[in-house]
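Asker: Protein chains in written order, with this note's numbering: chain V, 2 to 241; chain D, 2 to 241.
All copies of an identical chain are treated as equivalent in the list; a pair is satisfied when it fits inside any one copy or across any two copies.
Listed next, the in silico DSSO-like pairs over lysine-lysine satisfying Cα-Cα at most 30 Å (straight line):
1) Lys153 <-> Lys118
2) Lys207 <-> Lys143
3) Lys7 <-> Lys153
4) Lys7 <-> Lys143
5) Lys172 <-> Lys153
6) Lys172 <-> Lys194
7) Lys172 <-> Lys143
8) Lys51 <-> Lys101
9) Lys207 <-> Lys7
10) Lys118 <-> Lys101
11) Lys7 <-> Lys118
12) Lys172 <-> Lys118
13) Lys172 <-> Lys7
Think of the hints as simulated: they come from the structure by calculation, not from any bench.
There are 2 protein chains.
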Amino acid sequence: MSQENKPGLEVCLSPALLHLYDLSQKIVVIIDVLRATSTICTALYHGASKVIPVDSVEKCMEIGRQLGAVTAGERDGHIAPGLEHGNSPLEYPASFIQGKTLVLTTTNGTRLLHMAKDAEEIVIGSFLNLSVLCDYLIRRNKPILLACAGWKDRINLEDTLLAGAIIDRLKSRFDIQCDAAIIAEKLFSASRKRLLENMQQASHFKRLTRHGFQQDIAYCLTIDQAAVVPVYRDGAIELA
Amino acid sequence: MSQENKPGLEVCLSPALLHLYDLSQKIVVIIDVLRATSTICTALYHGASKVIPVDSVEKCMEIGRQLGAVTAGERDGHIAPGLEHGNSPLEYPASFIQGKTLVLTTTNGTRLLHMAKDAEEIVIGSFLNLSVLCDYLIRRNKPILLACAGWKDRINLEDTLLAGAIIDRLKSRFDIQCDAAIIAEKLFSASRKRLLENMQQASHFKRLTRHGFQQDIAYCLTIDQAAVVPVYRDGAIELA
Numbered sequence: 002m003s004q005e006n007k008p009g010l011e012v013c014l015s016p017a018l019l020h021l022y023d024l025s026q027k028i029v030v031i032i033d034v035l036r037a038t039s040t041i042c043t044a045l046y047h048g049a050s051k052v053i054p055v056d057s058v059e060k061c062m063e064i065g066r067q068l069g070a071v072t073a074g075e076r077d078g079h080i081a082p083g084l085e086h087g088n089s090p091l092e093y094p095a096s097f098i099q100g101k102t103l104v105l106t107t108t109n110g111t112r113l114l115h116m117a118k119d120a121e122e123i124v125i126g127s128f129l130n131l132s133v134l135c136d137y138l139i140r141r142n143k144p145i146l147l148a149c150a151g152w153k154d155r156i157n158l159e160d161t162l163l164a165g166a167i168i169d170r171l172k173s174r175f176d177i178q179c180d181a182a183i184i185a186e187k188l189f190s191a192s193r194k195r196l197l198e199n200m201q202q203a204s205h206f207k208r209l210t211r212h213g214f215q216q217d218i219a220y221c222l223t224i225d226q227a228a229v230v231p232v233y234r235d236g237a238i239e240l241a
Numbered sequence: 002m003s004q005e006n007k008p009g010l011e012v013c014l015s016p017a018l019l020h021l022y023d024l025s026q027k028i029v030v031i032i033d034v035l036r037a038t039s040t041i042c043t044a045l046y047h048g049a050s051k052v053i054p055v056d057s058v059e060k061c062m063e064i065g066r067q068l069g070a071v072t073a074g075e076r077d078g079h080i081a082p083g084l085e086h087g088n089s090p091l092e093y094p095a096s097f098i099q100g101k102t103l104v105l106t107t108t109n110g111t112r113l114l115h116m117a118k119d120a121e122e123i124v125i126g127s128f129l130n131l132s133v134l135c136d137y138l139i140r141r142n143k144p145i146l147l148a149c150a151g152w153k154d155r156i157n158l159e160d161t162l163l164a165g166a167i168i169d170r171l172k173s174r175f176d177i178q179c180d181a182a183i184i185a186e187k188l189f190s191a192s193r194k195r196l197l198e199n200m201q202q203a204s205h206f207k208r209l210t211r212h213g214f215q216q217d218i219a220y221c222l223t224i225d226q227a228a229v230v231p232v233y234r235d236g237a238i239e240l241a
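Okay, chain V solo, but in the shape it has when bound (with noise of 0.2 Å):
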């Protein structure tokens, strides 16, 4: 297949890049490995029926009330006053999440989702469902950006590792002229042997690991764990 006929694809590092991108005709894959993103893969995967990301904490105290969901979500390494449970995927097994709908505040995979709502299409992406999205990608053969939710605006480690995992899988098949997935790849190439004695260096890993998150890590960081293709439709996550 000749580059022309090629979709696209493109990496978007910070939201605060966001605005650089047209999405109208693209799908959108949103990253945020530690932990939104990880988290809604985990709960979908184990068979939650859907997934409700929302801005606040009162937004999910108020739809857990109305939906009678599990209301869930951290600030400060603690869960938030009023929330019920926190932003780690080993929280959600399916002995307890099954059936249920769960409501979810993050601060930043949360805002990007709803920064990317001009997109064709909105899925979600970890290390825990890399094949079957990376296949489902390439089933849908559109133009792509892979959107990492960073930390406050920052570029982080993980989740442009998790881009250039994306990109090594799908490079042959898409058209790549965009320097942040060069970047990306190239990053992931170099570090795909000791993935997570790499992520040691990141600022997240010493931010969570100080809250006593180090277990979520070695999960999230876990290739094809929870294989579902989870979508954004209609302010809802659910599976595709």
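Fit chain D to the known structure of chain V by using the hints.
Answerer: Showing chain D alone in chain V's frame:
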């Protein structure tokens, strides 16, 4: 030396992220490898008395007239109408530029220089002055922000590579708590042996090659070809 006693080193990969960093106590290194900061280093290395960066063709013409200076700038790959010279560093050999003032307008680098005006000090970085620049930064022993010009606010490969090259030399002496710095350094480490070859994927490589500037790219990736430390002060760039 303990981490705590080392000055910090951060990297900003796009001017659109500059607002996330506090510049006030920092040395900001402006990086625009293709080609603004390479051209500035070259002109000063070849004896230009100073370089005045301006943000428009009109201002370039006006200051050029006032000072009887050489005016230079391109728009869309051609010398801008009203100016005398282009942005190629190869246009500024000692036989031409020695003792002269160069008034230079570029799209990305000049704008970033002006955006960084709150910094304690602003210096100019390129592969051409890598070693002397790093020696200078080690001697100064102050917190550093490496600020990449990118391309129209998008992250680019060559500026990220240079940031990585600088970090590679400084990392033992500075405290790095910045994921963008980790990413840049890893990118450089994975690319250092074939810098020019790696650049061939870059969007800017293709752009400059279309305009016939292949030689510029090879030159701008040459380490230590123009061993000067240009400093921006009171609207002009001169040797430190």
